[in-house]
Amino acid sequence: MDASLVQNDTRIFVTDLDHTLFRPHTEQLHEEFDAAMRQWRSGDRQWVIATGRNRDQLRTFFADWNVHPDYYVSRARYIHAHRGEDSAAFTSWNRRMDELTQQQDDHAEEWLAVLEEWLEEQGCPARLEDSF
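If you read the sequence shown in the numbering used here, its first letter stands for residue 91, the second for the next number, and so on.
Hints should not be assumed to be uniformly reliable.
So the derived label-pair ranges between C-beta atoms look like this [unchecked claim]:
| # | residue 1 | residue 2 | range |
| --- | --- | --- | --- |
| 1 | Leu205 | Arg145 | 30 to 38 angstroms |
| 2 | Ala140 | Asp188 | 15 to 23 angstroms |
| 3 | Gln193 | Asp124 | 17 to 25 angstroms |
| 4 | Arg145 | Gly213 | 23 to 31 angstroms |
| 5 | Ala125 | Trp208 | 53 to 61 angstroms |
| 6 | Asp160 | Trp201 | 17 to 25 angstroms |
| 7 | Gln192 | Phe152 | 24 to 32 angstroms |
| 8 | His115 | Trp201 | 17 to 25 angstroms |
Worth flagging that the hints you see were computed from the coordinates, not collected in a lab. Note that the structure is predicted; figures quoted are calculated from it, not measured. Using N, Cα and C, we set each Cβ at its ideal position, and we do this for glycine too.
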């Protein structure tokens with residue numbers, strides 16, 4: 091990790107996990123990462139991971155490592171603090187994300203039905219999967 095990263099005024103560092111910090115083919119973090127992140131966080135700095143993994147996958151992953159993020163954004167929308175339990179500060183945000191996701195799913199289901207009907211009318215019947 092570049093030493094200039096540690097020696098600047100930046101207070102928050104946001105990273106991805108898979109293929110950025112973690113090598114899935116070896117199941118190892120990059121060699122210098124642990125020491126560099128400890129140095130980074132020795133100041134008043136925080137580390138956030140933004141990943142497509144869900145909260146349980148992240149907890150399982152970080153249980154095996156000595157370094158943990160201060161916060162993580164899971165599934166591209168949910169915010170969690172790494173304090174063992176959910177942070178009450180983000181409960182309303184995460185609930186709102188659930189509501190918006192449900193609205194999005196409901197809208198997609200409506201349009202899948204319309205699209206299936208149109209395909210049937212065109213002589214191309216199809217059963218579209220609703221795996222969202």
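Against the structure, the hints:
Taken as a hint, the range 30 to 38 angstroms holds for the pair leucine 205 and arginine 145, whose Cβ atoms sit roughly 33 angstroms apart. The hinted range of 15 to 23 angstroms is satisfied by alanine 140 and aspartate 188, whose Cβ atoms lie roughly 18 angstroms apart. Taken as a hint, the range 17 to 25 angstroms is violated for the pair glutamine 193 and aspartate 124, whose Cβ atoms sit roughly 41 angstroms apart. Between arginine 145 and glycine 213 the CB atoms are about 46 angstroms apart, so this pair departs from the stated range of 23 to 31 angstroms.
In this structure the supplied range 53 to 61 angstroms holds for alanine 125 paired with tryptophan 208, their Cβ-Cβ distance being about 58 angstroms. Range check, aspartate 160 to tryptophan 201: Cβ separation about 39 angstroms, and the 17 to 25 angstroms hint is violated. A beta carbon spacing of about 29 angstroms between glutamine 192 and phenylalanine 152 agrees with the range 24 to 32 angstroms that was offered as a hint. A beta carbon spacing of about 38 angstroms between histidine 115 and tryptophan 201 contradicts the range 17 to 25 angstroms that was offered as a hint.
Taken one by one, the earlier hints fail for this structure at numbers 3, 4, 6, 8, listed in ascending order.
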